[in-house]
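Turn these sequences into a full structure, and let the hints guide you.
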Amino acid sequence: MLSAFLSMISLKDIRKGMVVALWFMFLTFPLLVVKINPVEKIVVWRWHNLLWVGLCSFSLFLVSRIFSFWRAARQERMHQKGKQKTREGSRPWLRHPRLHLPLLLAGSLIPLAFPAFFSTYQVNIMITALMYVVLGLGLNIVVGVAGLLDLGYVAFYAVGAYTYALFNLHFGLGFWAVLPIGGLLGALFGVLLGFPVLRLRGDYLAIVTLGFGEIIRLILENWSTFSQGPSGIGNIPRPGFFGVEMSLEQSITYLYYLMLCMVLFTVFVVNRLQHSRIGRAWFALREDEIACVAMGIDKTRTKLTAFALGATWAGMIGVFFAAKTTFINPASFTFLESALILCIVVLGGMGSIIGVIISAFILILLPEYLRAFAEYRMLTFGAILIVMMVFRPQGIIADTRRTYLTKK
Amino acid sequence: MEYFIELVFSGLTRGAIYALLALGYTMVYGIIGLINFAHGEMYMIGAFTALVVSTALSFYGLPLPALLVLTALAAVVWAAAYGYTVERVAYRPLRNAPRLAPLISAIGMSMFLQNYVLLAQTSNFLPFPALIPDFAFMEPYAAFIGSTDLAILVVSALVMLLLMVMIKYTRTGTAMRATAQDRKMAQLVGINVDRVISVTFIIGSALAAVGGLLIASHIGQINFSIGFIAGIKAFTAAVLGGIGSIPGAVLGSFVLGLTEAFATGYVSSDYEDVFAFSLLVLILIFRPAGLLGKAAIEKV
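For the protein sequence lines, the chains are A and B, in the order given.
No gaps in the numbering here: position 356 of the first sequence is 373 in the working numbering, and each next residue is one more.
No gaps in the numbering here: position 118 of the second sequence is 124 in the working numbering, and each next residue is one more.
Calculated from the structure, these hints are not laboratory results.
Since this is a predicted model, take the numbers as computed values, not measurements.
Honestly, I wouldn't trust all of these hints.
SDA-like, lysine to any residue: derived pairs with alpha carbons at most 25 Å apart [stated by the list, open to error]:
| id | chain 1 | residue 1 | chain 2 | residue 2 |
| --- | --- | --- | --- | --- |
| 1 | A | LYS29 | B | PRO99 |
| 2 | A | LYS52 | B | LEU79 |
| 3 | A | LYS52 | B | LEU137 |
| 4 | A | LYS58 | B | ALA78 |
| 5 | A | LYS58 | B | ASP140 |
| 6 | A | LYS58 | B | TYR66 |
| 7 | A | LYS58 | B | LEU63 |
| 8 | A | LYS58 | B | LEU74 |
| 9 | A | LYS316 | B | PRO104 |
| 10 | A | LYS58 | B | LEU137 |
| 11 | A | LYS52 | B | PHE131 |
| 12 | A | LYS52 | B | ALA87 |
| 13 | A | LYS29 | A | LEU39 |
| 14 | A | LYS58 | B | PHE131 |
| 15 | A | LYS33 | A | VAL404 |
| 16 | A | LYS52 | B | LEU74 |
| 17 | A | LYS33 | B | ILE208 |
| 18 | A | LYS52 | B | LEU68 |
| 19 | A | LYS58 | B | SER231 |
| 20 | A | LYS52 | A | CYS73 |
| 21 | A | LYS58 | B | LEU124 |
| 22 | A | LYS52 | B | VAL75 |
| 23 | A | LYS33 | B | THR91 |
| 24 | A | LYS33 | B | PRO99 |
| 25 | A | LYS29 | B | THR91 |
Away from chain A, derived, C-beta distances all over 12 Å, residues of chain B [said to hold, decoys possible]:
| id | residue |
| --- | --- |
| 26 | ILE11 |
| 27 | ALA72 |
| 28 | PHE141 |
| 29 | LEU164 |
| 30 | ARG177 |
| 31 | THR180 |
| 32 | PHE268 |
Which chain A residues stay away from chain B? Per the calculated CB distances, all over 12 Å, these [claimed, not checked]:
| id | residue |
| --- | --- |
| 33 | ILE31 |
| 34 | LEU72 |
| 35 | PHE75 |
| 36 | ILE83 |
| 37 | LEU118 |
| 38 | LEU129 |
| 39 | LEU201 |
| 40 | GLN245 |
Glycine residues also receive a C-beta, built at the ideal position from the N, C-alpha and C atoms.
See below:
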């Protein structure tokens, strides 16, 4: 199979690949090869980087050529076979009835038994991953389902975290009392942001939400009497369980199970929402705003509910975040956080719940376990966004919309 | 009064830098309707290339005028090359994709380029050499305006004038205007639209590099993240003036620059960015088409 594709690469492609390699070598020359040492006043030449750039860009070019051959060949095949092979045939091994029970058992037992077999450190990482699953699902409502590109999602997360920290600091309220307040305040801020941007189209919306996120962070950083500024708020209690005293290890395990419940609850609600009346309105809004309004859908209300419901999850997870780390400061809520959550949604497939869960695990767990590559994390996220958009805009697992059939 | 004049000049300087960036945003938006999120990175890459080239050359003992010319040339050439490549890699394959796709790809590009420079160079602030000398004739006015401020105002005015002439009178400029008006029609009358789009990215990136070079020698230090916030503010300026309109971008930039200068001068410098973003939100609520822009009518 591979050799068939390899044979498709002509001499012309190789020549083109060499031109591309030379171009990228020229492009990266001043920044990758030359390095200034201002202290000793010398120039460090890193010629080996040039070689790497040349080799990598050459092979990447060839790989992208092979990929496009493969895609063209597949389309050709699909065309010949006709359209009979669509939804049912796409993932046959998953739909096999004999596999259902084992899959279901494994899917429920592994997460439940996880803290019994792994160390507290691992459980802590898993809590983080589960938090991002919920954040991804929350943003998925706004970006994936309703098609409103929100780049300031982290603002609602910050609102939730600070709600818990401040209510606890001033009024001594506990985790369970603040959790709904955090969600409500998140929703309130969602509506607050939603109102002014209702009239804006996709690209303006992106910038304004980004600005909104930055405004929230800057206020938290500079309004010291309110939020204690950049030094943050510490000594936030972990969630309690009817006043039972717990050791650190126990409370982390407890938080893990809470997070697990939270994920299940989110998946349930989001899934129900997507197939509800309002969910179908969001899909319609995403596909074509004008047609959607012409069908009699109230645009204002639909957009606002999307913002509010998306923000609710971020607010609640913010409370969880404050309870998990017991210390928060504005530096945790930068634009990069928003970009990471967006990356989760895009990689997973916009609108697809399973896809978002899988990609949250990939994007949070991989950098944790591949520490050697930790510094390339953000570089990779950027590349993922581009590559996904160019080669597979539907994400890892494409969102298959429910089809409604009328019985004859 | 003296303080007031000082603020006016500081606002004009900021405005000039924003204008150099905002022109790139507005030209790209005018032609392909995309917010080029990675545009701020062109400014950063221009400044970084200038830093590397000028410092390296100064170790070899080149005189200042030659250094300045070579540095400016390198910054412009490489930033333009990056602009061209970014368009080819991240935007051209998405020409007919849904609206959200190129936008996400642009955000990815911005993150990629920032971290590329971070990994290739350093995350620390690097000192930028003083490329623009202190002019002797500026001595009496030093209280209001520095030599670098003057250089920024003069150079950016010249560059903008050049751009206006180019767009108005050359063949390429005419092709750009035609493409901005109607891409399909432009294609029908024989304009190579892909080439025009490439040229737009090249010009926009070159302008951003000039801005990056000027502001870096004004402030005296740079790091990999300078492009992001500058890019957003320049975009704010472009929206303020009416995105897609070239005179609008310049006007919007000066309005934003002056607003920021007065707000930081008289209110508080902690909230500098908050003022800019609040201004953006206010404009979008009350006049979404900007100061000079026309409201787009969507036809079905």
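Tested hints:
no. : hint                  : in the structure
1   : A/LYS29 <-> B/PRO99   : holds, 21 Å
2   : A/LYS52 <-> B/LEU79   : holds, 19 Å
3   : A/LYS52 <-> B/LEU137  : holds, 19 Å
4   : A/LYS58 <-> B/ALA78   : holds, 21 Å
5   : A/LYS58 <-> B/ASP140  : holds, 24 Å
6   : A/LYS58 <-> B/TYR66   : holds, 10 Å
7   : A/LYS58 <-> B/LEU63   : holds, 11 Å
8   : A/LYS58 <-> B/LEU74   : holds, 19 Å
9   : A/LYS316 <-> B/PRO104 : holds, 20 Å
10  : A/LYS58 <-> B/LEU137  : holds, 17 Å
11  : A/LYS52 <-> B/PHE131  : holds, 14 Å
12  : A/LYS52 <-> B/ALA87   : holds, 20 Å
13  : A/LYS29 <-> A/LEU39   : holds, 15 Å
14  : A/LYS58 <-> B/PHE131  : holds, 16 Å
15  : A/LYS33 <-> A/VAL404  : holds, 21 Å
16  : A/LYS52 <-> B/LEU74   : holds, 19 Å
17  : A/LYS33 <-> B/ILE208  : holds, 22 Å
18  : A/LYS52 <-> B/LEU68   : holds, 18 Å
19  : A/LYS58 <-> B/SER231  : holds, 24 Å
20  : A/LYS52 <-> A/CYS73   : holds, 21 Å
21  : A/LYS58 <-> B/LEU124  : holds, 20 Å
22  : A/LYS52 <-> B/VAL75   : holds, 21 Å
23  : A/LYS33 <-> B/THR91   : holds, 15 Å
24  : A/LYS33 <-> B/PRO99   : holds, 18 Å
25  : A/LYS29 <-> B/THR91   : holds, 21 Å
26  : ILE11                 : holds, 28 Å
27  : ALA72                 : holds, 17 Å
28  : PHE141                : holds, 26 Å
29  : LEU164                : holds, 25 Å
30  : ARG177                : holds, 26 Å
31  : THR180                : holds, 27 Å
32  : PHE268                : holds, 19 Å
33  : ILE31                 : holds, 19 Å
34  : LEU72                 : holds, 17 Å
35  : PHE75                 : holds, 15 Å
36  : ILE83                 : holds, 16 Å
37  : LEU118                : holds, 39 Å
38  : LEU129                : holds, 36 Å
39  : LEU201                : holds, 23 Å
40  : GLN245                : holds, 15 Å
Hint compliance for this structure: every hint is met.
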